[in-house]
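Novice: Chains as they are written, first to last, in the numbering used here: chain A, 1 to 124; chain B, 1 to 124.
Since the hints were made in silico from the structure, they are not lab data. A hint or two may mislead.
To be verified - Short derived list, chain B residues pointing at chain A, Cβ under 7 Å: (1) ASP10; (2) LYS19; (3) THR22; (4) LYS23; (5) ILE42; (6) VAL43; (7) HIS48; (8) PRO52; (9) VAL64; (10) VAL66; (11) GLU69; (12) HIS75; (13) GLN114; (14) VAL116; (15) ARG123.
Being a predicted model, the structure only gives us computed values, none of them experimental. Glycine is no exception: its CB is placed at the ideal position from the N, C-alpha and C atoms.
2 protein chains.
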Amino acid sequence: MHKSLHILADLYDCRGDEKYLTKVSRVKHKVLQMVKRAGFKIVASRFHKFPPGSNVTDGGITGVIVVSESHLAIHTWPEKGFVNFDVFFCSYSRDNSEKTRKIFKEFSSLYKPQKVRRKEVWRD
Amino acid sequence: MHKSLHILADLYDCRGDEKYLTKVSRVKHKVLQMVKRAGFKIVASRFHKFPPGSNVTDGGITGVIVVSESHLAIHTWPEKGFVNFDVFFCSYSRDNSEKTRKIFKEFSSLYKPQKVRRKEVWRD
Chain A
1 MHKSLHILAD
11 LYDCRGDEKY
21 LTKVSRVKHK
31 VLQMVKRAGF
41 KIVASRFHKF
51 PPGSNVTDGG
61 ITGVIVVSES
71 HLAIHTWPEK
81 GFVNFDVFFC
91 SYSRDNSEKT
101 RKIFKEFSSL
111 YKPQKVRRKE
121 VWRD
Chain B
1 MHKSLHILAD
11 LYDCRGDEKY
21 LTKVSRVKHK
31 VLQMVKRAGF
41 KIVASRFHKF
51 PPGSNVTDGG
61 ITGVIVVSES
71 HLAIHTWPEK
81 GFVNFDVFFC
91 SYSRDNSEKT
101 RKIFKEFSSL
111 YKPQKVRRKE
121 VWRD
């Protein structure tokens with residue numbers, strides 16, 4: 001059994017298409033596509049759109065995607081151009097760490113953050 | 001703005017009620033209760049039951065619970081008595097780190113693991 005990689009990332013000052021911070025359909029389509037292309041079967045996905053906060057910007061979104069014994073989670077704050085992103089793929093039957101890193105890279109490239117804090121945690 | 005606490009835990013050799021490893025309704029009820037009691041509003045929850053693997057035991061479950069800009073994720077492997085648990089509460093408007101630790105403790109007490117690997121990650 002391989003160790004499983006969980007990447008937790010905070011993306012700051014995102015300068016990609018703003019719709020990735022605010023539009024559920026846009027983010028969902030892209031992320032599901034990445035996960036499927038990597039060869040994973042999606043068990044379920046759930047996205048939620050928040051109303052605008054006390055400022056004038058459009059509200060953020062939260063999404064979770066469930067893959068067998070694995071998950072992705074996205075939380076966006078358009079008013080700060082900020083995103084939390086989690087991707088965790090279980091490596092029980094095969095080593096999925098490179099796929100995990102690839103999806104992180106693809107996801108990040110949508111948002112074009114000017115700064116990233118990324119943590120890799122190895123789990124059983 | 002406070003830092004937000006994300007706890008990632010691997011629970012080994014779980015000796016609590018076996019139903020927490022295999023029964024969606026049992027786990028869902030308990031976890032939603034903990035989250036509500038802590039004062040959080042649940043946006044969505046999604047659970048999935050896996051069929052038994054190549055051995056004779058009942059299949060595991062995967063569940064995600066979405067709370068505003070926060071999430072919990074659970075993956076169980078009954079055949080190994082093993083559980084991955086994630087709890088992340090955004091502390092944007094108030095410091096939720098103690099609630100995060102409390103929910104981890106409550107969750108863990110259901111499973112009675114003989115060994116825990118727990119990582120605390122502070123995020124923006």
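Novice: Tell me the hint numbers this structure goes against, listed in increasing order.
Specialist: Numbers 2, 3, 4, 5, 8, 13, 14 - these are the hints that the structure violates, sorted from lowest upward.
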